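**Student:** Protein sequence lines, in the order shown, are assigned to chains V and X.
If you use numbering that gives the first Met the number 0, the first sequence corresponds to residues 0 to 295, in order.
If you use numbering that gives the first Met the number 0, the second sequence corresponds to residues 0 to 313, in order.
If you're looking for bench data, these hints aren't it; they were derived computationally from the structure.
Among these hints, one or two may not hold up.
[What the hints assert, rightly or not] Which stretches of chain X does chain V cover? Using the computed rule of at least three CB atoms under 8 Å from a CB of chain V, they are:
1) 40–48
2) 72–81
3) 97–110
4) 282–288
[What the hints assert, rightly or not] Taking beta-carbon pairs under 8 Å as the criterion, some of the chain V residues facing chain X (in silico):
5) 26
6) 66
7) 277
As the structure is a computational prediction, the values presented were derived from the model and not from experiment.
Cβ coordinates follow ideal geometry from the N, Cα and C atoms, glycine included.
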Amino acid sequence: MADAAYDPHATSGGARRLSAKVIVYGFLLLFAAYYVLPLLVILMNSFRDLEEISKLGLIGLPRSFSLEHWASAWSSFCVGGTCKGISPNFYNSLYMTVPATIVSTLLGAINGYILSKWRFPGAGFIFAAVTIGVFLPGQMVLLPWAFVLGKLGLTNTLEGLMLVHTIQGLSFTTLFCRNYYVSIPDDLIKAARIDGAGFWRIFFRIILPLSPPILIVTVIWQFTGIWNEFLFGVVFSSGSQQPITAALIALSSAGTSVHQYNVEAAAVLIAALPTLLIYFFGGRWFVRGLTQGAIK
Amino acid sequence: MSVARSQAALSLPSAGGGGWRARVGHWVPQLVLAPSLFCSFVYIFVFSAWTFYISLSNSSLLPSYEFVGFEHYVSLWQNRRWNVAYTNLFLFSALYVLGSMAVGLFLAILIDQRVRGEAVWRTIYLYPLAVSFVVTGTVWNWLFNPTSGIEAFMHGLGFSNFTFGWITDRNLAIYTVVITGIWHASGFAMALFLAGLRSVEQDLIKAAQIDGASLFRIYWRIILPSIRPIFLAVLVILLQFAIKTFDLVVALTGGGPGIATTMPAIVVYDFMFQRGQIAEGAAAAIMILLALTAVVLPYALWSVWSRRGSDLRG
Numbered sequence: 000m001a002d003a004a005y006d007p008h009a010t011s012g013g014a015r016r017l018s019a020k021v022i023v024y025g026f027l028l029l030f031a032a033y034y035v036l037p038l039l040v041i042l043m044n045s046f047r048d049l050e051e052i053s054k055l056g057l058i059g060l061p062r063s064f065s066l067e068h069w070a071s072a073w074s075s076f077c078v079g080g081t082c083k084g085i086s087p088n089f090y091n092s093l094y095m096t097v098p099a100t101i102v103s104t105l106l107g108a109i110n111g112y113i114l115s116k117w118r119f120p121g122a123g124f125i126f127a128a129v130t131i132g133v134f135l136p137g138q139m140v141l142l143p144w145a146f147v148l149g150k151l152g153l154t155n156t157l158e159g160l161m162l163v164h165t166i167q168g169l170s171f172t173t174l175f176c177r178n179y180y181v182s183i184p185d186d187l188i189k190a191a192r193i194d195g196a197g198f199w200r201i202f203f204r205i206i207l208p209l210s211p212p213i214l215i216v217t218v219i220w221q222f223t224g225i226w227n228e229f230l231f232g233v234v235f236s237s238g239s240q241q242p243i244t245a246a247l248i249a250l251s252s253a254g255t256s257v258h259q260y261n262v263e264a265a266a267v268l269i270a271a272l273p274t275l276l277i278y279f280f281g282g283r284w285f286v287r288g289l290t291q292g293a294i295k
Numbered sequence: 000m001s002v003a004r005s006q007a008a009l010s011l012p013s014a015g016g017g018g019w020r021a022r023v024g025h026w027v028p029q030l031v032l033a034p035s036l037f038c039s040f041v042y043i044f045v046f047s048a049w050t051f052y053i054s055l056s057n058s059s060l061l062p063s064y065e066f067v068g069f070e071h072y073v074s075l076w077q078n079r080r081w082n083v084a085y086t087n088l089f090l091f092s093a094l095y096v097l098g099s100m101a102v103g104l105f106l107a108i109l110i111d112q113r114v115r116g117e118a119v120w121r122t123i124y125l126y127p128l129a130v131s132f133v134v135t136g137t138v139w140n141w142l143f144n145p146t147s148g149i150e151a152f153m154h155g156l157g158f159s160n161f162t163f164g165w166i167t168d169r170n171l172a173i174y175t176v177v178i179t180g181i182w183h184a185s186g187f188a189m190a191l192f193l194a195g196l197r198s199v200e201q202d203l204i205k206a207a208q209i210d211g212a213s214l215f216r217i218y219w220r221i222i223l224p225s226i227r228p229i230f231l232a233v234l235v236i237l238l239q240f241a242i243k244t245f246d247l248v249v250a251l252t253g254g255g256p257g258i259a260t261t262m263p264a265i266v267v268y269d270f271m272f273q274r275g276q277i278a279e280g281a282a283a284a285i286m287i288l289l290a291l292t293a294v295v296l297p298y299a300l301w302s303v304w305s306r307r308g309s310d311l312r313g
């Protein structure tokens with residue numbers, strides 16, 4: 000500290016460093032506002048009463064506080080003629096997402112295991128072909144799915160959506176798992192085979208115990224993707240069978256009546272809650288999945 | 000190379016002796032793989048081929064298999080809606096991708112300055128990615144709405160001349176889609192860039208610091224060039240998001256005002272399920288696929304090629 004008096008550069012450098020810090024944190028805060036404000040606005044409006052919103056606009060601190068809009072959004076608000084709130088659609092999404100996530104993840108793990116550890120002629124080609132599914136736009140498969148679901152008697156059923164999401168998800172899960180399993184040493188598998196372990200034994204005894212990191216990533220990724228999906232939901236289901244994303248659109252575009260902003264805000268938050276919770280508690284894995292899926 | 004290795008691996012079990020069990024055992028991997036692989040192949044190739052054929056048929060409300068050639072593509076490109084949609088797509092893609100990358104890189108560099116509470120900042124910037132496009136679009140629709148959102152708020156503060164009605168303006172509404180899109184995706188770009196910045200060799204940076212290079216110079220000359228592959232990855236991923244944009248616009252503007260913010264993916268949906276012109280819809284879907292191929296295929300080939308190069312060197 001005392002040296003600073005002898006060296007004018009040091010003090011000016013210190014001042015510069017301080018102002019640089021101010022600039023850095025200033026920008027960080029500015030952008031944080033851009034990201035957080037929408038969430039805050041919607042949270043506050045879910046507690047305010049409608050009179051206050053229409054008088055003061057959507058942006059503002061709540062002067063009234065009530066949880067009844069949440070209750071109404073959950074169980075009594077009218078969407079498309081039925082007045083059960085958004086809870087049936089929430090359960091629809093849950094009913095559709097959980098099995099599709101589990102099945103596509105398990106199949107992806109098995110596929111990835113085979114394509115990385117039981118390579119056969121053409122395995123590389125098969126892998127490349129399957130990953131095309133990651134990029135294939137949903138619009139390409141709408142008509143064929145509509146036809147197939149009709150043939151299977153699954154039109155406008157949650158089971159139909161479950162099937163669509165499971166098969167569509169296979170490309171993602173196979174890609175993730177295969178890329179992860181490639182880094183498991185082949186010698187480990189070879190040693191097990193010399194000891195007489197077969198296909199399933201190696202999978203359950205060696206591969207699966209090494210898998211939790213990739214399985215967590217895949218499950219988070221699949222759950223988030225399927226829960227948030229809209230196109231298939233709105234095309235292949237209607238009315239009481241709709242997942243929550245499609246129901247939200249129906250709710251907010253119900254044109255004729257006045258916007259019930261507070262109830263809609265609560266409904267929007269309810270729809271976003273599961274994936275937000277996953278993100279806040281599993282953020283580490285979420286980020287890992289992102290970078291893994293993207294960079295590899 | 001991989002073929003040779005797999006054959007060596009496959010020859011192992013047969014050493015144990017013949018018998019049908021061994022022979023079936025030999026095929027277990029392929030047998031297990033077959034059903035889900037079959038589904039994936041049908042989904043990817045048969046469904047795509049089917050949609051392509053529909054686009055060449057005279058289907059209207061229901062599929063029909065009478066071949067009529069490329070006439071639906073011709074009528075598609077003469078359709079005003081489609082022309083608006085793909086013009087929008089170009090404008091939106093460019094601004095959305097560049098904007099998200101710029102914001103993402105800027106935030107990544109800020110966070111890279113050894114700031115306090117890094118995890119908190121990262122969490123704040125990235126959370127939009129966990130939120131669906133439907134929720135994102137709905138919320139921003141409220142904020143952009145002049146009678147209840149930001150404009151009303153500014154009026155409340157006393158700035159009664161303040162106007163912010165982009166979402167109701169044909170020429171400006173597309174920029175509300177851009178702002179919302181950047182809100183959703185820039186955290187993702189940030190996460191990837193930050194991972195890249197952290198992977199740069201510290202020795203290089205230290206050497207430059209000792210030489211007295213400014214921070215700006217260090218980033219511009221050393222750090223950013225060495226994470227070029229990440230720029231490319233982010234670019235491709237964001238571009239393919241942009242091309243598929245559907246629910247974001249449906250929730251934010253509904254494609255309006257009028258058709259001012261319509262997108263190719265929305266046009267496909269309208270043709271197929273609102274107007275009963277499924278052949279045109281299929282043709283539009285094929286155009287989306289072509290756009291995606293133009294973005295993804297060169298990247299896929301490049302990454303295979305560069306990986307092979309590094310394999311040879313390593």
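**Student:** Tell me if chain V covers the segment 97–110 of chain X under the three-residue, 8 Å CB rule, please?
**Tutor:** holds (count 5)
**Student:** Using 8 Å as the Cβ threshold, decide whether residue 66 of chain V counts as touching chain X.
**Tutor:** For residue 66 of chain V, the interface hint is violated, since the closest Cβ of chain X sits about 20 Å away, which is over 8 Å.
**Student:** Hold the hint about residue 277 of chain V up to the distance rule: shortest CB distance to chain X must be less than 8 Å.
**Tutor:** 7 Å, holds
**Student:** Please count how many residues of the segment 282–288 of chain X have a CB within 8 Å of a CB from chain V and say whether that reaches 3.
**Tutor:** It holds, with 5 qualifying residues against the three required.
**Student:** Tell me if chain V covers the segment 40–48 of chain X under the three-residue, 8 Å CB rule, please?
**Tutor:** Per the Cβ count (7), the hint holds.
**Student:** Between the segment 72–81 of chain X and chain V, are there enough contacts, at least three residues with CB-CB distance under 8 Å, for the coverage claim to hold?
**Tutor:** Since 0 is below three, the answer is violated.
**Student:** Interface hint check: residue 26 of chain V, Cβ to nearest Cβ on chain X, cutoff 8 Å. Holds or violated?
**Tutor:** Nearest chain X Cβ about 6 Å off; hint holds.
This entry does not satisfy hints 2, 6, going by the numbered hints stated previously.
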